[in-house]
Amino acid sequence: MRRIGIDVGGTNTDAVLIEDGKVVRAVKAPTSEDVTTGILDSLKSLGLTGVVGTKRIDGVMIGTTHFINAVVQRRHLSKVAALRLGMPASASLPPFCDWPEDLAALVRGGVWMVEGGHEYDGRPFMPLDEAAVTKAAQEMKAMGLRAVGISSIFSPLDPSHERRAAELVLAVIPDAAITCSSDLGRIGLLERENAGLLNAALADLSRDTIAAFEKAIRESGLAAPLFITQNDGTVAEARQARRLPVYSFASGATNSMRGAAYLSGLSDAMVIDVGGTTTDVGQLKLGFPREANSVVKVGGVRTLFRMPDLLSIGLGGGSHVMLDPLKVGPLSVGYRLLKEGVAFGGSQLTTTDIAVASGVLQLGDRKKVAHLDAAACRQVFAESARLAEEAIDRMKTEAGDVPLIAVGGGAFLIPEKLAGVSQVIHVEHGDCANAVGAAIAQVSGECDQIFKDMTRVEAIAAARDIANDRAVASGADRASLQTIESEDMPLAYLPGNSVRVRVRVVGDVAASA
Amino acid sequence: MSLRELTADDIESLAVGAWVLGTGGGGNPYLPLLNMRLLYREGHRVQLMDATDLDDEDWVGTVANMGAPLVGQERLTDSLTLARAVSVMERHIGRRFAALMSMEIGGANGVRPLMAAAHLKRPVVDSDTMGRAYPEAQMTSVSVGGLTPCPLTAVDVRGFESIVHKVPTWKWAERVARKICVEYGSVAATCQPPRTGAEVKKWGIHGTTTKAIAIGAAVREAQRRHDDPVAAILSVEPGKLLYTGKVIDVARRATEGFLRGVVRFDGLDAWRGSAMTINFQNEWIVAWRDDEAIAMTPDLICVLDAVSGEAVGSETIRYGQRVTVIALPPPPVFLSEAGLHHVGPRAFGYDLDFRSVFSS
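If you're matching them up, the sequences are chains A and B in order. The first sequence maps to residues 0 to 512 in numbering that gives the first Met the number 0. The second sequence maps to residues 0 to 359 in numbering that gives the first Met the number 0.
Same shape as in the complex, but just chain A (with noise of 0.2 Å):
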């Protein structure tokens, strides 16, 4: 089994290669303006360095920032037609309603507003208003819209009229790229509605990138299939992925907690990535990041679905040092560290020069920093300790010690020792993590839906063959499948003993043929 895993972060393009289950090389490459010339770069670098050479490649799996950077950045984004199904209930908040306003006027093609959607024990809310929808679409189609976001009241307990929905927009527009609510969340009509708007907006970069992507892994010479990391630690085959680009925002900070799990063997720690300027903050449970439970917004944007918990705090490789008074970050050089660094001959004083001036890091010009003396040098040491062991603190889910694994280029910041860690665990190629845990990522199926007339044991197995065969779809190897997450929910009002189960399944990629 060999594997590539690509990380692209703000400033650097990191590609691992895995060969059965070790990590046989690491290389950073600077990331580009365009992204996908910094994929190609690092693919190329390591295949020069010999190790890939004409060995089989079972798959390259990148994780990108490259949708979310689009609406943090406000580019290269579709106008998108709103469909709610829900009338007359939510009238007074329409989509778009909470958005920022600059983004807004970028994305909003136009808002329909018609009757549908269910109640929270299953019985529909207002019939589907099939006319209407299908006039929408004429109005879309009318004024050149494409890219189309359904949401509907309750829909994750029943997607039935987001769908039926959907049909009848593609009658209408037959290259509609449409997204349903209902793929993407959760309890929450407007931040699953903003989810699905965003998705909706992406559609034309999603293809267009994910079409770059197979490019540049084509003129690299690898014949390997091309996987996009999920949020959730897991990968999905290109063509999917591309359905779902919000699905890949978080994937980086997931990758690296999934890397740090793989290179220490835990799967139950904290986790802390120190980058250039920020420090994540997250906890492995299972060997996956626990997710976060509450709203979380992306480019201004309110939106609920599944990212990993994590806090960030401003500590990083290139935070600014004051030493009088004591000060560390939150302030960062980031990529500029290797000009503005005072061991770089630049002016700035970060964290990687006191580093340096330790002996901890040799890198630079350790002259450049003698004049600092080593009792300054334990006091910056001693404040980054600190407000690690805060951020640690707060987001452990119960009290007593717990394992810590160090990770990222900044992590010589965390020491041997702190407060309510019992052991911290620094690992080879743990500036790499990031990339590793895309290398290792697996696939996932998920089955959510309502079952009627059959047992709730019966019901829960349906769903679970659903699920396999969809992971299996995604390119799992049906062998390794296992369940993860199992939930079903009566819905009293249903006709035939109805039951709404949710079945997640994970699995290794499978070898390619």
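Just so you know, not all the hints are guaranteed correct.
[To be verified] Simulated crosslink set (SDA-like; lysine to any residue; CA at most 20 Å straight-line):
| hint | chain 1 | residue 1 | chain 2 | residue 2 |
| --- | --- | --- | --- | --- |
| 1 | A | K43 | A | L225 |
| 2 | B | K245 | A | G399 |
| 3 | A | K284 | B | R317 |
| 4 | B | K178 | B | R223 |
| 5 | A | K395 | B | R263 |
| 6 | B | K245 | A | G419 |
| 7 | A | K284 | B | I247 |
| 8 | A | K395 | B | D265 |
| 9 | B | K178 | B | E198 |
| 10 | B | K245 | A | V401 |
| 11 | A | K395 | B | D304 |
| 12 | A | K395 | B | Q137 |
| 13 | B | K170 | B | L339 |
| 14 | A | K395 | B | R317 |
| 15 | B | K245 | A | R385 |
| 16 | A | K296 | B | N27 |
| 17 | B | K245 | A | D308 |
| 18 | A | K395 | B | L267 |
| 19 | A | K134 | A | V171 |
| 20 | B | K245 | A | L386 |
| 21 | B | K201 | B | M48 |
| 22 | A | K395 | B | Y318 |
| 23 | B | K245 | A | S311 |
| 24 | B | K245 | A | I312 |
| 25 | A | K284 | B | N27 |
| 26 | A | K284 | B | Y318 |
| 27 | A | K395 | B | K165 |
| 28 | B | K245 | A | E388 |
| 29 | B | K245 | A | R393 |
| 30 | B | K178 | A | G121 |
| 31 | A | K296 | B | T315 |
| 32 | B | K178 | A | D120 |
[Claimed, not checked] Over 12 Å on every C-beta distance to chain A, these chain B residues come out as not near it, computed from the model:
| hint | residue |
| --- | --- |
| 33 | A50 |
| 34 | W58 |
| 35 | S86 |
| 36 | E198 |
| 37 | R252 |
| 38 | F257 |
| 39 | D289 |
I should point out that these hints are in silico values taken from the structure, not numbers from a laboratory. Heads up, the beta-carbon is just placed ideally off N, CA and C, and yes, glycines get one too.
Got chain A sorted already, so can you dock chain B onto it with the hints?
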């Protein structure tokens, strides 16, 4: 009669302050605030008036939403539906309300009367009937005052209109209205029993919208200046700082339509080494420091994010949060024997004699 027009900024502050006065419950005012932002953008405005400016013979409509928070996340609070609950009541009693009023200043219902008032072009009285949030309809000043518990209107966004015409007690009003609400899909816009100007003047809890705005403005100003927002609240309200600590355990259970549970804290700063426990039933009910009950309903127990100063709700509080706990003085109407019977610790099942943080 002097009216004061609320600015968009006042309403932003009101949402923050109402959430503080929610004492852990009442629902986050975010969606009502969002409604108000849109209404103001469309040119609607809301006027605030003092209860003392009401004529004794005036009629006042009390506005509130009822329902499950989960449903409110999908069937979003709708301004025209709230207005309709008021219109249905006016049609039923054959009188026009001179003004509207909040039932519950704490939480989302602290902002909702403004949504109805914007459409109906009536002023909002600067008073409510709880001075905070409470889980049940009989936990109000008008219930303590023994005022009539009916009629009540409950409307659904699809056009359904129900009237609870006659019930003997506030508890019955709560039970019957709750049933209607569940059939609607566990959300209903209600107009509570109509009050006369004289009743509002005698039994209303006064100045609470202004108070919520002042609290919210203090918090927001402190956030802008990077000052201590909790100190800012205590500079505008005669409250007491009870504790600063970190959440170390949250136990919740949903029973009989309420969210009950207990949160445990470890002390920080001056309270290092001292433990706090707070019991809740939607709202924070009793706070214990080192096993001594130091604050209890009807004193307002407010758990605030130590950094932002914004309220932390019992539904969303979680391990690791740094919080500051303060107490604010209770409305005097709840300190009488009848008041304590309705909302004192025993009304929530705690065998404690009420002792106020503010009595010593």
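Practice problem: Starting from B:K245, check that the Cα of A:G399 is at most 20 Å away, please. | Solution: holds (14 Å)
Quiz item: When you check the alpha-carbon spacing of A:K395 and B:L267, does it fall within 20 Å?
Solution: holds (17 Å)
Quiz item: Is the Cα-Cα distance between B:K245 and A:I312 20 Å or less?
Solution: Distance ~18 Å between B:K245 and A:I312 Cα, so the pair holds.
Quiz item: Taking 20 Å as the top limit, are the C-alpha atoms of B:K178 and A:D120 close enough?
Solution: Holds - the C-alpha atoms of A:D120 and B:K178 are around 15 Å apart, at most 20 Å.
Quiz item: Does B:D304 lie within 20 Å of A:K395 when you go C-alpha to C-alpha?
Solution: holds (17 Å)
Exercise. Quickly compare the C-alpha distance for B:K245 and A:V401 to 20 Å and report which way the hint goes.
Key: The hint holds at about 18 Å.
Quiz prompt | Holds or violated: A:K43 to A:L225, with C-alpha atoms at most 20 Å apart | solution = Holds, at about 16 Å.
Practice problem: Quick one: work out the minimum CB distance from B:R252 to chain A and report holds if it exceeds 12 Å, violated otherwise. | Solution: holds (17 Å)
Quiz item: Is it the case that B:S86 keeps its Cβ farther than 12 Å from each residue Cβ in chain A?
Solution: Non-interface label stands for B:S86: nearest chain A Cβ at 16 Å, farther than 12 Å.
Practice problem: Starting from A:K284, check that the Cα of B:Y318 is at most 20 Å away, please. | Solution: holds (16 Å)
Exercise. Verify the proposed pairing of B:K245 with A:L386, using a straight-line Cα cut of 20 Å.
Key: holds (16 Å)
Quiz prompt | 20 Å limit on alpha-carbon distance, applied to hinted pair B:K245 and A:R385 | solution = Distance ~16 Å between B:K245 and A:R385 Cα, so the pair holds.
Of the hints listed earlier, those the structure fails to meet are numbers 4, 9, 12, 25 and 27, in rising order.
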